[in-house]
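A.B. asks: Chain residues, written in single-letter form:
Protein chains: 2
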Amino acid sequence: MTDRLAQQLGFLREAEKLKSVYRATALPDQSRRENSAEHSWSVALYALILQDQAGEGVDIARAITMLLLHDLVEIDVGDVPIHAQGGSAHSSAAVKEAEERAAARLFGLLPEGQAEQMLAIWLEFEGGVTPTALYARALDRVQPVLLNHAGGGGSWREYDVSFDQLEERVGVKVARGLPALWQAVREHVKPWFVSHGKA
Amino acid sequence: MTDRLAQQLGFLREAEKLKSVYRATALPDQSRRENSAEHSWSVALYALILQDQAGEGVDIARAITMLLLHDLVEIDVGDVPIHAQGGSAHSSAAVKEAEERAAARLFGLLPEGQAEQMLAIWLEFEGGVTPTALYARALDRVQPVLLNHAGGGGSWREYDVSFDQLEERVGVKVARGLPALWQAVREHVKPWFVSHGKA
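From first to last, the protein sequence lines are chains P and Y.
1 is the number of the first residue of the first sequence in the UniProt record's numbering; add one for each residue after it.
1 is the number of the first residue of the second sequence in the UniProt record's numbering; add one for each residue after it.
Rather than coming from a laboratory, the hints here were simulated on the basis of the structure.
Some clues are possibly wrong.
Since the list gives no way to pick one copy over another, a pair counts as held whenever it fits inside one copy or between any two copies.
List of simulated lysine to any residue pairs, SDA-like, C-alpha gap at most 20 Å [as the list claims (entries may be wrong)]:
#1 K173 x G57
#2 K96 x V129
#3 K17 x R32
#4 K17 x R33
#5 K173 x E124
#6 K96 x G108
#7 K190 x D3
#8 K17 x A150
#9 K17 x L146
#10 K17 x L50
#11 K96 x L119
#12 K190 x M1
#13 K17 x Q7
#14 K17 x G151
#15 K17 x H149
#16 K190 x D164
#17 K17 x D29
#18 K173 x P81
#19 K190 x T2
Every value quoted in this text rests on a predicted model; they were computed, and no experiment measured them.
From just these sequences and the hints, can you work out the full model?
C.D. replies: Set out below in structure tokens:
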């Protein structure tokens with residue numbers, strides 16, 4: 001086996017650990033929490049299926065790549081739920097710094113050249129500036145909303161989330177990349193908040 | 001919400017069920033079996049990372065799309081382990097027919113046009129003729145081998161698999177798309193079979 005292949009297989013073996021990182025959101029049947037590996041599959045599938053929602057300048061294949069890679073840092077850092085601690089933990093400087101260290105370690109397992117290439121894609125996603133990153137980030141945010149809705153409230157119940165909080169913590173970010181999609185999803189989920197006295 | 005978007009979100013919601021389809025292969029730490037959604041993420045990541053192994057005519061983005069979609073039929077049919085019933089169940093005509101019915105139902109949830117497009121990608125994967133399908137199929141076969149090896153034998157123990165059986169049921173299929181990769185993986189895993197008296 002070449003060194004190059006050994007490094008690539010080493011990275012892929014390390015990536016298996018993402019299957020043991022659990023998120024706040026549960027499966028629709030509430031049987032268990034979703035893990036970050038299967039969440040990554042979901043959002044990559046979203047990027048494929050919802051591609052006609054993408055605006056100009058979005059590279060769908062690159063968005064899918066971003067979404068396959070975006071959560072790998074959680075192998076070291078864990079998932080930080082968006083509704084935890086009133087929404088403040090998720091974007092803290094400490095979490096950001098820990099995720100950057102994790103990205104350096106994980107992508108650093110890959111051969112030279114490929115390591116830098118994959119890190120650049122992850123950084124583009126994190127930066128959230130390019131149309132492709134905005135598209136990918138919007139999908140990453142909207143899938144848990146639909147999952148919670150499909151599961152009768154899911155982590156909205158656990159974290160006592162109101163419709164205004166959803167709008168503020170999640171909606172604004174989805175709308176940045178996919179305004180029409182957020183408009184539609186917003187109307188779709190609002191009745192749940194109304195009927196639970198949270199809107 | 002437009003009908004088109006409602007259909008797409010309906011498909012994505014149905015796809016969530018793949019997270020509850022469990023495979024024969026366990027995670028490396030043997031804590032639980034792998035499900036087909038996270039397996040799909042793994043093999044899509046393999047397609048991305050191992051792209052320098054791909055031969056001429058392989059479209060990496062299309063291979064990733066294939067691998068995101070390839071197991072959805074298991075929502076209706078379940079996973080048929082490759083080593084079950086001496087390797088004969090996996091490729092039976094009855095399974096193939098059931099999977100084709102499942103593909104028609106599942107992709108049929110999508111809007112017209114997109115349904116046919118996704119079904120065509122799934123059929124290309126199933127056909128295993130194009131360079132892209134051969135690449136994707138080889139990765140789909142090799143990931144469980146590396147997972148079993150990382151997990152100290154995993155489902156090889158359960159199904160009492162010998163090195164010759166691995167070669168015959170799996171190796172031949174991996175080598176069809178990625179001969180050099182199989183050569184390397186074969187040498188990498190052989191010592192396990194030797195040390196367990198199965199080679």
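A.B. asks: Hints first: check each against the structure and report whether it holds.
C.D. replies: For each hint, the structure was consulted:
1. K173 x G57: within (18 Å within a copy, 38 Å between copies)
2. K96 x V129: within (16 Å within a copy, 45 Å between copies)
3. K17 x R32: Classified as both; 18 Å inside a copy, 12 Å across copies.
4. K17 x R33: both (16 Å within a copy, 13 Å between copies)
5. K173 x E124: Classified as within; 16 Å inside a copy, 36 Å across copies.
6. K96 x G108: Close inside one copy (18 Å), not across copies (41 Å); limit 20 Å.
7. K190 x D3: Between copies only: 19 Å across chains, 53 Å inside a chain, cut-off 20 Å.
8. K17 x A150: Answer is between; shortest inter-copy Cα gap is 12 Å, intra-copy 27 Å.
9. K17 x L146: between (25 Å within a copy, 14 Å between copies)
10. K17 x L50: Close across copies (19 Å), not inside one copy (28 Å); limit 20 Å.
11. K96 x L119: within (15 Å within a copy, 40 Å between copies)
12. K190 x M1: between (55 Å within a copy, 13 Å between copies)
13. K17 x Q7: For K17 and Q7, only the intra-copy Cα distance (16 Å) is at most 20 Å; the inter-copy one is 33 Å.
14. K17 x G151: Between copies, since 12 Å is at most 20 Å while 26 Å is not.
15. K17 x H149: between (28 Å within a copy, 15 Å between copies)
16. K190 x D164: Classified as within; 10 Å inside a copy, 58 Å across copies.
17. K17 x D29: between (24 Å within a copy, 9 Å between copies)
18. K173 x P81: within (15 Å within a copy, 41 Å between copies)
19. K190 x T2: For K190 and T2, only the inter-copy Cα distance (17 Å) is at most 20 Å; the intra-copy one is 55 Å.
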